[in-house]
Amino acid sequence: MAKRTPKQARGAAGQHDWAKQMRFDMEYAKHQLLTTGSITPMFVIHCDDQIIPCVTDMGEKDKIRDMVTLICLAHRATGVTFIGEAWVTRASKDDHLKPGESWEDWEARTVPPSQSERRIEAVAVMTRYYDDAGERTGLAEIREIIRDATGKPTGLGEPEFPRDSEGMGPTHDILPPSRATPQQQDIAKELMEFAGIKPWPVRSQ
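First residue of the sequence shown? That's 3 in the numbering used here, and the numbers climb one at a time after it.
In silico DSS-like cross-links for lysine-lysine, where the CA-CA straight-line distance does not exceed 30 Å:
(1) 22 to 32
(2) 65 to 32
(3) 32 to 9
(4) 63 to 191
(5) 200 to 32
(6) 200 to 9
(7) 63 to 22
(8) 154 to 22
(9) 9 to 63
(10) 200 to 22
(11) 63 to 154
(12) 65 to 191
(13) 63 to 200
(14) 191 to 9
(15) 9 to 22
(16) 63 to 100
(17) 154 to 32
(18) 32 to 63
(19) 65 to 200
Label pairs and their in silico Cβ distance ranges:
(20) 17 to 153: 38 to 46 Å
(21) 153 to 191: 39 to 47 Å
(22) 50 to 102: 36 to 44 Å
(23) 174 to 135: 13 to 21 Å
(24) 197 to 148: 37 to 45 Å
(25) 51 to 193: 21 to 29 Å
(26) 191 to 136: 20 to 28 Å
(27) 9 to 104: 37 to 45 Å
(28) 51 to 101: 44 to 52 Å
(29) 36 to 78: 31 to 39 Å
Think of the hints as simulated: they come from the structure by calculation, not from any bench.
Here a beta-carbon is modelled for each residue, glycine too, at the ideal position from N, C-alpha and C.
Starting from the given sequences, assemble the full structure and let the hints guide the process.
See the structure below:
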């Protein structure tokens with residue numbers, strides 16, 4: 003049976019251990035993949051004493067991102083993780099951002115991973131969180147999905163992505179610039195109630 007959510011990682015002093023959290027999140031993704039054959043895309047919102055999973059089909063991306071940001075504010079989140087499957091390509095020298103090149107220009111001249119002949123099917127775990135100084139930072143890890151001759155997933159390859167990441171992927175701007183103030187929390191909770199958003203909190207494990 004697939005686990006409902008990843009475990010929440012804590013250090014010796016009780017603080018959130020984000021490197022350890024990355025390992026827990028990838029273990030959760032692997033367990034779900036091998037148990038069910040696929041990974042349901044989800045955001046995991048990390049708070050002081052609970053985690054809140056938001057399962058999504060990624061259909062209406064803007065609405066989903068706004069909802070997750072609102073929940074982050076309402077619950078004064080410490081970080082947010084995206085877990086899902088993705089097409090990725092192993093980088094070549096032409097894939098790198100050139101000096102002075104914008105992301106828009108880079109995207110215009112490169113082939114999307116889903117259309118590339120070098121694409122690989124992978125599990126993606128991407129996290130944005132607040133460091134000790136209250137600044138947003140990130141971690142990311144991508145691993146290739148290994149399948150047998152019948153197409154059944156049998157495991158994950160070695161990491162294909164640097165662990166330190168300045169918020170690339172779905173979590174890039176989804177975490178507010180700073181943790182919510184009490185006033186921001188109250189406003190976010192009112193908006194959630196008005197919109198009928200009822201997150202499913204899970205106690206820290």
